[in-house]
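So the protein lines, in turn, are chains A and B. Under our numbering, the residue at position 350 of the first sequence is numbered 350, and the numbers go up by one with no gaps. Converting from the second sequence to our numbering requires adding 380 to each position, the first position being numbered 1.
Heads up, a few of these hints could be off.
Stated by the list, open to error - Pulled from the structure, derived: some chain A residues nowhere near chain B, Cβ distances all over 12 Å:
no., residue
1, E71
2, P263
3, R279
4, A335
Stated by the list, open to error - Now the stretches of chain A that chain B is said to cover, found in silico as 3 or more residues with beta-carbon under 8 Å:
no., segment
5, 187 to 197
6, 240 to 250
7, 264 to 270
I should point out that these hints are in silico values taken from the structure, not numbers from a laboratory. All residues carry an ideal CB built from backbone N, CA and C; glycine is no exception.
2 protein chains.
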Amino acid sequence: MISSDERLARALLTRMAEPGDERLGRLISREGAEGALEVVRAGEAPAGPDRADLEKRFPAWRARLAEADPERLLAVCEERGGRLVCPGEAEWPSQLDDLASGRPYALWVCGDQDLRFGCLRSVALVGARAASPYGIHVAAEMAAELADSNWTVVSGGAYGIDAAAHRGVLSADGLTVAVFACGVDVTYPSDHAGLFTEIARSGLLVSELPPGTTPTRPRFLIRNRAIAALTRGTVVVEAAQRSGAISTARHARDLGRAVMAVPGPVTSPTSAGCHTLLREWAEVTCVTDASDVLDRVGLIGDDMAPERRGPVLDRDRLGPAARDVLEALPSRGGAGTARIAVTAGVDLDTALTCLGALAAGGFVERCAKGWKLRRNAAEP
Amino acid sequence: MISSDERLARALLTRMAEPGDERLGRLISREGAEGALEVVRAGEAPAGPDRADLEKRFPAWRARLAEADPERLLAVCEERGGRLVCPGEAEWPSQLDDLASGRPYALWVCGDQDLRFGCLRSVALVGARAASPYGIHVAAEMAAELADSNWTVVSGGAYGIDAAAHRGVLSADGLTVAVFACGVDVTYPSDHAGLFTEIARSGLLVSELPPGTTPTRPRFLIRNRAIAALTRGTVVVEAAQRSGAISTARHARDLGRAVMAVPGPVTSPTSAGCHTLLREWAEVTCVTDASDVLDRVGLIGDDMAPERRGPVLDRDRLGPAARDVLEALPSRGGAGTARIAVTAGVDLDTALTCLGALAAGGFVERCAKGWKLRRNAAEP
Chain A
1 MISSDERLAR ALLTRMAEPG DERLGRLISR EGAEGALEVV RAGEAPAGPD RADLEKRFPA
61 WRARLAEADP ERLLAVCEER GGRLVCPGEA EWPSQLDDLA SGRPYALWVC GDQDLRFGCL
121 RSVALVGARA ASPYGIHVAA EMAAELADSN WTVVSGGAYG IDAAAHRGVL SADGLTVAVF
181 ACGVDVTYPS DHAGLFTEIA RSGLLVSELP PGTTPTRPRF LIRNRAIAAL TRGTVVVEAA
241 QRSGAISTAR HARDLGRAVM AVPGPVTSPT SAGCHTLLRE WAEVTCVTDA SDVLDRVGLI
301 GDDMAPERRG PVLDRDRLGP AARDVLEALP SRGGAGTARI AVTAGVDLDT ALTCLGALAA
361 GGFVERCAKG WKLRRNAAEP
Chain B
381 MISSDERLAR ALLTRMAEPG DERLGRLISR EGAEGALEVV RAGEAPAGPD RADLEKRFPA
441 WRARLAEADP ERLLAVCEER GGRLVCPGEA EWPSQLDDLA SGRPYALWVC GDQDLRFGCL
501 RSVALVGARA ASPYGIHVAA EMAAELADSN WTVVSGGAYG IDAAAHRGVL SADGLTVAVF
561 ACGVDVTYPS DHAGLFTEIA RSGLLVSELP PGTTPTRPRF LIRNRAIAAL TRGTVVVEAA
621 QRSGAISTAR HARDLGRAVM AVPGPVTSPT SAGCHTLLRE WAEVTCVTDA SDVLDRVGLI
681 GDDMAPERRG PVLDRDRLGP AARDVLEALP SRGGAGTARI AVTAGVDLDT ALTCLGALAA
741 GGFVERCAKG WKLRRNAAEP
């Protein structure tokens, strides 16, 4: 754990500087978050190659600090169900440390899931805003299949491939993570208010920028490195020749993550960027569905092994009512307790008792719709 | 040049044995074509590891020899405007020697073009018989573009991608080569009678099998190695997971030729074989059009350089009538003398005189439609 002063300092840093400033990152490594703020306030950077460039930024940074109220930022975020996650805390995804001095100062997070745990097995699906119906279809299908295999999907919040990927995961009751180039409380694009509400309910909204911050073009580009770093690999589903998705792919490659591209018709300009990746980057794998993706990023044996999340009972040792209730759960997605009771042919009290026992035994878990099967848990 | 006895012997060998028999190939290397026939007739193979396997085939081979009349085969072929091309002759494409003992015994050829010269800069376009409209479109377009760059296209004679590739070349007045798994006088499939007539008029029909031979499945597969060996690279335009086109790609790879695949929608089963090639074969290049293909197979500088086919005059030194006639030629495809005369605004005699001079100067050449511009010839 880290001190509350360090948390306040990191909240302030996200307000003071643009994300990914490597000179500031090096200053934080050297002086700590609080120490870095003191240096900025004192107006004199330590001797070294970064000194002149850092000091050039101090006036702008101090102007922002003068207006910033980190306690209020934290309070606003908490009011909306959010929190700040800092390096050194249990929820910090340590894979972000691969960004070295470009590491986020901290992350603003909204949603009940654990960010670190949720991104352990995650893949980024990225691509064109002006996606084709083909790209939308492939992104949604691939995202749903990844969710069915208990993989988390990470993307941005844009129209097109980003939104299709999130919607695919939501349709499969999986875990989806949207990384914003604005505050987690800012709805951009505004048409996605409903989508972001749904993501926050079952997944996570994440940003390096504090609540209230609006997006800018450089923020989108710098955000892409965080998407690449959070995940084990990046899949470019559809992209024109010049596309932000290619920048995410470049970050993934530079970070040693898997880079994948989905092919499409050669007659489609929205697949041209994918084909260029496939032709010109030796590291890029051609993927056509989720199983191709998992072949590339899955650890050998990992996806076959059951996840351990507590004690697991043998299905044969369940009582007859519990077995009926277990059978009544849909094989994909979730169902409410009342529906499960009806399907199982038991009364509501019995259903609730059995579901509680089944949850304790690792067979089922709560979800937005009520209850769902826990995948890879108790099956042979 | 080779003796007429050797030609007769090679004609007989194409009748006697299935193409690509490596043991027979080794026997021919050792004994010569006539010597190999003598060995078969005498019934005793030379000592060595091939001996037992060779002698097992002698009865079947002798039965075929008893019925064969090589002079008649040659006469039948010549009647139909064909000829036999043997190793060691000027028209023999020496790249076939890369097949070593699997080299064709000889080739039966129909068409006015020179086989060796025509295949110096050639690419194979291969793919599914049950091609999609997308595959047909891409094959025809790519073939026409290759023809426009003075590259020869080689394919089989099947429905689907093969036919689309030939039609694309014909539409661009280019040189296309169909390699058959049956005699060059056998129309298989019979619907392609018109197509093969057109190919024979401006391109070439080629087979390892003598006139009158019908196709079999093994002949198709063994034919594929000849397509791969004739060309600088093989492009799989569309292919299902199990497809003859993949066998051509494998031969191309084993021969050190370029292997290329055209991507398509991941939802299309006829692109699945291409995607597998792209994903699993390190050597395969993703190509989306003819320029991608030429980037892969073209020698550096080669495609920029004008072809030298005789003296080339400076366009500025042409007389006004010749210049008008030159301007009257269509930029793509050919036109008849009468149409050229009308467009140029000169009488027919003047047009003919000018066209003759322009041909001598390397500006134009004869084609099926009359006259066409000679590409890369006299332009700066």
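Checked hints:
no. : hint       : verdict
1   : E71        : holds (50 Å)
2   : P263       : violated (3 Å)
3   : R279       : violated (4 Å)
4   : A335       : holds (30 Å)
5   : 187 to 197 : violated (count 0)
6   : 240 to 250 : violated (count 0)
7   : 264 to 270 : holds (count 4)
Hint compliance for this structure: hints 2, 3, 5 and 6 are not met, and every other hint is.
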